[in-house]
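> Protein chains in written order, with my numbering: chain P, 1 to 142; chain A, 1 to 142; chain U, 1 to 142.
Keep in mind the hints are simulated off the structure, nothing from the lab. In this text the structure is predicted, and so the values were computed from the model without any measurement. A few of these clues could be false.
Same chains, same label: a pair holds when it works inside one copy or across any pair of copies.
[Claimed, not checked] Cross-link-like lysine-lysine pairs, in silico, BS3-like; alpha carbons within 25 Å at most:
no.: 1; residue 1: Lys-13; residue 2: Lys-46
no.: 2; residue 1: Lys-13; residue 2: Lys-2
no.: 3; residue 1: Lys-13; residue 2: Lys-3
no.: 4; residue 1: Lys-96; residue 2: Lys-46
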Amino acid sequence: MKKVRSRQLFMGKLDHGADLLEEISHVCRIEDIGLGRIEALGAVRKACIGYYDQKAREYRFMDLNRHLEITHLIGNISLKDGAPIVHAHITLADEKGNAYGGHLAPGTIVFACEFILETFDGPVFTRGLDHQTGLPLWTMSE
Amino acid sequence: MKKVRSRQLFMGKLDHGADLLEEISHVCRIEDIGLGRIEALGAVRKACIGYYDQKAREYRFMDLNRHLEITHLIGNISLKDGAPIVHAHITLADEKGNAYGGHLAPGTIVFACEFILETFDGPVFTRGLDHQTGLPLWTMSE
Amino acid sequence: MKKVRSRQLFMGKLDHGADLLEEISHVCRIEDIGLGRIEALGAVRKACIGYYDQKAREYRFMDLNRHLEITHLIGNISLKDGAPIVHAHITLADEKGNAYGGHLAPGTIVFACEFILETFDGPVFTRGLDHQTGLPLWTMSE
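Bound conformation, chain P alone (with noise of 0.2 Å):
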């Protein structure tokens, strides 16, 4: 793990009708966030989340077609191939309480989302692919 030093926090929220990831990945671009945190809570109109398969190693996408709750999204923000990239998770719950969750993906569309995202001032965090899991994690022996 490396320090990390807080630079600045916003609230907000994102547009009705928007696609999440890219709505927050747009502010990221715009902002020149390279470095952060983000958290939010609202409902989206659908979802599509994705389930890394270990074995397989690679994503399986799900497409929830319907109203569903966001009971939290927590993601993070660093940088890959030299641009700002979000990982976000998120958890969700239907009209009957039930819960849902997984790995962000575009096409999850926003009813109403309040965030609060916090930049931070430190070293470059970089996503490389990790050839123990296939997945792009950052490349901390730098």
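We have chain P already, so just place chains A and U on it with the hints.
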């Protein structure tokens, strides 16, 4: 989104038997906290959670009359009609590990609950009726 | 509740194959962290989670011998018998997106895990037996 600044950080626990949402709201009122975030974990004696029906534009509340773990609570604090309002979502789990979640409503009774509350300085975040969703969202255009 | 101050912020990943709870606890011991919070996301090779039986006043532990996403981990760090103790709850999801959760126990094995750890300066938070719940809660009256 708007820039905010961390002001104070609190760590503590809620009273056994307290109403989870009302207790957090009470703390915000007596400490005069109009902007911030809260996170918590613990257990409840029972829960009341809401699901927002996006078509009917109204919350449906469910009572879970069981002992449940709080696997996570996330919330933000802003103002509505001039008073602090806590908007929180909760994720719960039962004795089989199955997870549930939704919008935290009154009627969720604390068994044990440990929280971290961070207050912010910044612009006033006020909730007002959002016509697109029917929800009391932040009126960010001001 | 008591006032604390943010001291240091760390961002990092846990080793593939590590025991999730023991690894976080180990980091806290070697870095001498007695007060703070942690959040994480990732995936596990298997999980062991606890549900507190509020009547019998004891934890029941469940083994989930499957590959699961960590949709969220939240935890706090305080002291028990003079040493750092990590209290964390975890939310997980399987290949169908179904979510599970509970009290994080040893036996949860990391596939990949990215965390943010914030340490606090402040009063000593010590866990001691709480007679009302049977849990090792903070003895806040001191």
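> Does each hint hold? Answer for all of them.
Hints and how they fare:
no.: 1; hint: Lys-13 - Lys-46; result: within (18 Å within a copy, 30 Å between copies)
no.: 2; hint: Lys-13 - Lys-2; result: between (30 Å within a copy, 9 Å between copies)
no.: 3; hint: Lys-13 - Lys-3; result: between (29 Å within a copy, 12 Å between copies)
no.: 4; hint: Lys-96 - Lys-46; result: both (16 Å within a copy, 16 Å between copies)
In this structure, every one of the numbered hints holds.
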